[in-house]
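Use the sequences and the hints to build the structure in full.
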Amino acid sequence: MKRVVYREWRIAPERYWSLLGFLAALIGVAALSFGYMEHEGHWVSGMNNSVVWGMPHVFAVFLIVAASGALNIASIGSVFKKPIYKPLGRLSGLLAVAMLMGGLLVLVMDLGRPERLIVAMTSYNFSSIFAWNIFLYTGFMVIVIAYLWSMADRKGGPFNYSIGLFALVWRLALTTGTGSIFGFLVARQAYDAAILGPMFVALSFAYGLAVFMLVLLFSFDEEGRPIGPRLMRRLRNLLALFIGVALYFTLVYHLTNLYIAENDSLEHWLLLSGGIYTFLFWVGWILAGSLIPMWILYHPVLSQQRDWIIGACALVIVGGFAAMYVIIIGSQAFPMALFPGHTIIESGFADGVNGAAAAYWPTIPEILLGLGGVAMALLITAVGVRVLQFLPESLADDVVAPDEETLDAPPFAKPA
Amino acid sequence: MAKAVVRIGLVALGLVWGAFAAQAAQADEVKRYVVEGSQAAERSACVEPTERMRRMHMEFIQHQRIATVHEGIRDTQYSLTGCVDCHISYDANRNPRPINQPDQFCGACHRYAAVDLNCFDCHASVPNRPAADAEAAHRAAGVTGAPHGGGH
Amino acid sequence: MNEDKTTTPVDSGRRGFLGTAAGVSAAALVAPGVFLHSVAAAPRTEAVTDAVRWGLLIDTAKCADGCSACVSACERENGLDLQEPHSATSKWEQQQAAWIRKVKLQDNQTGRITNLPMMCQHCEDPPCVDVCPTGASFKRADGIVMVDRHLCIGCRYCMMACPYKARSFIHQPLTGQLTAVPRGKGCVESCNLCVHRRDNGEDSTACVDACAAEGHGAILFGDLKDPNSAISQRLREIPSRQIREDLVLNTGVRYAGV
Chain C
1 MKRVVYREWR IAPERYWSLL GFLAALIGVA ALSFGYMEHE GHWVSGMNNS
51 VVWGMPHVFA VFLIVAASGA LNIASIGSVF KKPIYKPLGR LSGLLAVAML
101 MGGLLVLVMD LGRPERLIVA MTSYNFSSIF AWNIFLYTGF MVIVIAYLWS
151 MADRKGGPFN YSIGLFALVW RLALTTGTGS IFGFLVARQA YDAAILGPMF
201 VALSFAYGLA VFMLVLLFSF DEEGRPIGPR LMRRLRNLLA LFIGVALYFT
251 LVYHLTNLYI AENDSLEHWL LLSGGIYTFL FWVGWILAGS LIPMWILYHP
301 VLSQQRDWII GACALVIVGG FAAMYVIIIG SQAFPMALFP GHTIIESGFA
351 DGVNGAAAAY WPTIPEILLG LGGVAMALLI TAVGVRVLQF LPESLADDVV
401 APDEETLDAP PFAKPA
Chain S
1 MAKAVVRIGL VALGLVWGAF AAQAAQADEV KRYVVEGSQA AERSACVEPT
51 ERMRRMHMEF IQHQRIATVH EGIRDTQYSL TGCVDCHISY DANRNPRPIN
101 QPDQFCGACH RYAAVDLNCF DCHASVPNRP AADAEAAHRA AGVTGAPHGG
151 GH
Chain R
1 MNEDKTTTPV DSGRRGFLGT AAGVSAAALV APGVFLHSVA AAPRTEAVTD
51 AVRWGLLIDT AKCADGCSAC VSACERENGL DLQEPHSATS KWEQQQAAWI
101 RKVKLQDNQT GRITNLPMMC QHCEDPPCVD VCPTGASFKR ADGIVMVDRH
151 LCIGCRYCMM ACPYKARSFI HQPLTGQLTA VPRGKGCVES CNLCVHRRDN
201 GEDSTACVDA CAAEGHGAIL FGDLKDPNSA ISQRLREIPS RQIREDLVLN
251 TGVRYAGV
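Protein chains in written order, with the UniProt record's numbering: chain C, 1 to 416; chain S, 1 to 152; chain R, 1 to 258.
These aren't lab readings, by the way, just hints derived from the structure by calculation. Keep in mind it's a predicted model, so treat the numbers as computed, not measured. Take the hints with a grain of salt, since some may be wrong.
A few chain R residues that face chain C, going by a derived Cβ cut-off under 8 Å, partial list only [unchecked claim]: (1) S87; (2) K102; (3) C132; (4) P133; (5) G154; (6) A161; (7) Y164; (8) F169; (9) Q172; (10) P173; (11) T175; (12) R236; (13) S240; (14) L247; (15) N250; (16) V258.
For each residue, glycine too, the CB sits at the ideal point set by N, CA and C.
Here is the structure:
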């Protein structure tokens, strides 16, 4: 077992700059769509008075949820004292900050009056979960930056555990808070469920890790840094476990909804007759996002192969977007139960006439705006690993710590 | 990012205002903005002494805004509606001319001072109070072509 | 008053006629009324207090099928009729703003049909106010729930939270707004019980006037806290309920006959 050495990401300049150029182009296009939506008004988007949050929110919430999940690796290393994860802590922190920034950017760019952002920062309504989330998000960034410092600087070492613990608690609060943005909406049947908070935490574990693994594998492959089978096995098993936990919460959520008689129609709609939402739920969220990756990751042969693992991670992310689409948009499309026991047969404002779902079809500017957030997160990461020492030189088996619990061993990964 | 833009904007605004104030100090040379043909042109004074109006009108309006929107107080003299009523001018056909146009009262001075107001995105820039003949008023004012037109 | 009139077949023919002529007749009948009120009343000089709580009582038995006088009156009063369609028709229907709408219901068990207007219910504990991050969504002391559009950043969280789908987001740039009702792109808005009329001391709302002018008188406006107001008296006389009573929001808009 050797000392872990961190090095800047030194891929060939042409490759690096073309990567940056590509990401920057995506961001530029997103900026244009923002300008377009801003100038024309939101009518150019698919969003309307029934489905008020659309594609940008799917991207933003995915990024924010995945951001808090990405920090898990660092927490496992320093708070739960699994030294094998320690060398991954820095990248985990960087990704967390980057994805949070990307997500928030998308949220802000979708506001009806983004020029009043200053208002959002100076006038708070403390009964709003949204306002609390603004604190949770900014706090998260500060804490993760402190956490990164404690991982990277010799002087920070002694604080590493306590900052790590604090970061862990904070990120749990953050994801619960994000879930609660929806969870406290009594108006909409699908959201009126306390389990949304914990469910978002479970989802965040899976999405965060999947993104983390993709970025790790990509950056190591590009530069030919080795990742040993031992670490791969660990990450793989962890991902499979997280997917399982997320699936479990999904199951509980729908079972409780089925149990509550008044939500029967909602479940019936979503699971059987909801068109695109039913499709995305079963094929996107459950099949592609959960069952197939689990099958790959537990498969004796496929799980040994890097490309299949990459495929599994990608599927988890695809499933994550499908899940967000179903949770965010599907729940708005389903008509609100204004008059229980009655059917609305005519309405001047799309109240779900005869139980019809509200129409929503994403438009290109919305999607480009969302992709811009993803590109922003990746750009920050790419710049970060290039200029600072985030990535360990090697994660080969002889470098990473043994699997055993070493609770009272001294902090393993000394700063480089 | 947006914050930075706002901050730069504020700094720029401050500089312009500084220049403006310096100029305003030379009392005799002050450019007049009250527009010919407006009610204000026939009166001798604004709702406050002119000098005070020049420097403080934004604060008066801001204060009025909170009082009106949150407390329902509508009688005070600083209402935005009031400013428009008294300072509006009319063209040859007696049609009101939007007050934020660059050659009109609010618009001219703000352009000079490089102040970018978005108040008239929402607030009527011509007086058209009675709801029933609003459409006629809009057409007359040339604010909008055909209110019920179907085009995109 | 003439409650039983609304169910006679004779009346429904008359209603059909009035429905088509609603725009014209509402304007003709209401406008002089407004004029009289505004002469009599004076703008408010003191801050509103919680000594009053404005509310509506909607008697669905009197609300006529096919009549939308309240809707067009509201749109005229607040300049909503000046909205120009931007997107394709089917999409525009979902994107244009509506402060009040007619809803027609059928009881799943009995097949009974009910007509009613829906608007902001002016809750005592409004979810939209709880969730608004900037405090733009607020409840005035006199019970009117509204949006301070100088603070609204257009995040639409209030629309997510509203159980009545009462709010609209302005999806397009506007021109030619009414002086009394500023509105603009990128903010959320909803029925504010004709707040400009309240502050000028008038005694009803556009929808109430229009409904009365049609001869239905299905909507009653008044002070819920004043035991002698017409609305309080009527609430004592007939059974009424709040929509989505299960949420215990204590709405200021009550419905009889649903």
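Structure-based check of each hint:
1. About 5 Å separates the beta-carbon of S87(R) from the nearest beta-carbon of chain C, less than 8 Å, and the hint is met.
2. The interface hint given for K102(R) is met, as the beta carbon of that residue sits about 5 Å from the closest beta carbon of chain C, less than 8 Å.
3. At a threshold of 8 Å, the smallest CB-CB gap from C132(R) to chain C is about 5 Å, leaving the interface hint in force.
4. Taking 8 Å as the C-beta contact cut-off toward chain C, the hint placing P133(R) at the interface holds, the least distance being around 4 Å.
5. Hint status for G154(R) relative to chain C: holds, with the closest Cβ pair at about 2 Å, below 8 Å.
6. With a least beta-carbon distance of about 5 Å to chain C, the hint placing A161(R) at the interface is held under the 8 Å criterion.
7. Annotation: Y164(R) was flagged as interfacial toward chain C, and the flag holds, the nearest CB pair being 7 Å apart, inside 8 Å.
8. Among the interface hints, the one on F169(R) holds; its C-beta lies about 6 Å from the nearest C-beta in chain C, closer than the 8 Å criterion.
9. The beta carbon of Q172(R) is positioned within 8 Å of a beta carbon in chain C (closest approach about 4 Å), and the interface hint is therefore held.
10. Against a cut-off of 8 Å between C-beta atoms, the interface hint on P173(R) holds, since the closest Cβ of chain C lies about 6 Å away.
11. Restraint check, T175(R) versus chain C: the minimum CB separation of about 12 Å is more than 8 Å; hint violated.
12. Nearest Cβ of chain C to the Cβ of R236(R): about 25 Å, over the 8 Å cut. The hint is violated.
13. Nearest Cβ of chain C to the Cβ of S240(R): about 15 Å, over the 8 Å cut. The hint is violated.
14. Below 8 Å, beta-carbon pairs count as interface contacts, and L247(R) has one with chain C at about 6 Å; its hint therefore holds.
15. The criterion of a C-beta within 8 Å of any C-beta in chain C is not met by N250(R), whose closest approach is roughly 14 Å, and the hint is violated.
16. A hinted interface residue such as V258(R) counts as satisfied when its beta carbon comes closer than 8 Å to some beta carbon of chain C; here the least separation is about 7 Å, so the hint holds.
Hint compliance for this structure: hints 11, 12, 13, 15 are not met, and every other hint is.
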